[in-house]
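Chemist: Keeping their order, the protein sequence lines are chains A and B.
Add 690 to a position in the first sequence, counting from 1, and you land on the number used in the working numbering.
Add 706 to a position in the second sequence, counting from 1, and you land on the number used in the working numbering.
It cannot be assumed that every hint is accurate.
According to the in silico footprint, chain B covers these stretches of chain A (three or more CB under 8 Å from chain B) [claimed, not checked]:
no. : segment
1   : 698 to 709
2   : 739 to 745
3   : 813 to 823
Derived by calculation from the structure, the hints in this document are not laboratory data.
All C-beta atoms, glycine included, are put in the ideal place defined by N, C-alpha and C.
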Amino acid sequence: MNISFTIEGDSEGFVTFECPFCGSEFKLQAGEYQNENEPLEDLFCPYCGLTREKNTFLSKDVIVQAQALAENYLIEELNKVFKKMSKSLNKPHGIIKMKYKPLKKVVTKELKDKDTTEVEFKCDHCNHRVKVLYCAGASKIFCPYCGVDI
Amino acid sequence: MITYTELRKISLEFRRLSSNLLRSSRDDSDVSLARFMKYIEATPFIYDAIHNTIDNVDFDFKQCFLIEGTGGHGINIPEDEACHLKAQYDYMIFILSEDKRSVSNEAFKYPHSSNHWSDIIQEFLDDAVKPMIDYINDAISTEMIIIEEEEKKTAPSIVQNIGNNYGTLNAQGTGSIVSTNNTSIVINDINELLSKIILSIDGITDVSNKDRESVKDDLESIQEQINSPEPKKSRMQKALAGIKKFAGDFSMKLAVTLAAGAVTGADWNLLIQKLEQFIS
């Protein structure tokens, strides 16, 4: 079973990710992240530089959305089963009766990235782009794709 | 003295090893810790960064990592950063050198919020070794910044007086430059973007006619100047300011689908970028 949903990027198609190590947020261009010709396994955090599987960089909002959609799918399936059961039990002259009240679905929201104050950087090594909050000269910024300093 | 390239390599290798350690599980946490500590010992830059700070510090790691006694373990972080660093370093060496110690066994004795081994180990490593990783990463980054600054200072300075320049200008201190003038390529790119964007203006919804007409005038003014033999910088700057304001005010409404293709916010940004490049 596959559940899919869409995340709307900012005006330049950048989507927010969150580092599992330091919790910092950064943005990657959706087309580069999902490029089928260059499949990704791991990402580097542009702030702390540590690396982990790309799925662990999904933001809290994305995880909450995925869980809500999975929960709704489960609720839908349960409602179908119990509705069918109640129909078959509640026949005229039947001895056993069943009251059926469908479970309510969880509210889901539209995932949309706004234009924010991050600065866009391009890696000289792999040409991928990243948007980060950058205080000039305060620290190094690492490329999320190849891990070198930008 | 260490070079920038060597530091880049060390930075990447160290971050990879640190990440492997911090995400390790019951099966590989001991070997990840051994590799991590071995790398620190075998890499002179990192070795110096750590040992210059901790070697003269007199602090018993058991004052930070409360591992004695019959109850569970605990952590009491010392105020002094050097003491904290020494405690982490000595504790990791202690875990590796004692036969009956292992990362997973140690981790299990600290308070934990999960029942999964991986979570328990990762929570422990986050508390027990992550500050040392951050310290080393900062030391590497700081050294890279220093080298970058030094390279900037030693780069030859060039003073050039330029009147009107409608092309690309390259300069360097010594040697020769092979330069290809690509102004016509930039003009072609701008013309292409302008034609596409001007056509899309009427399709932008939720924007007043007045604003649409105003930005159209600016775009046409740029088109006229850019194709003139002597483009007027001041007119182009004025028109560019109008285009920038429009793109800023209505950034979310700029995407328009046309029969011939689509205009996106990125097209507007690219046009602004190319115009800035052309004007400067």
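Chemist: Could you run down the list of hints and mark each one as holding or not?
Modeler: Comparing the hints with the structure gives:
Check on the segment 698 to 709 of chain A: 3 of its residues sit with their Cβ under 8 Å from a Cβ of chain B, so the three-residue criterion for coverage holds. Check result for the segment 739 to 745 of chain A against chain B: holds, 4 residues qualifying (beta carbon to beta carbon below 8 Å, three or more required). Under a criterion of three residues with beta carbons nearer than 8 Å to beta carbons of chain B, the stated coverage of the segment 813 to 823 of chain A fails, only 0 such residues being counted.
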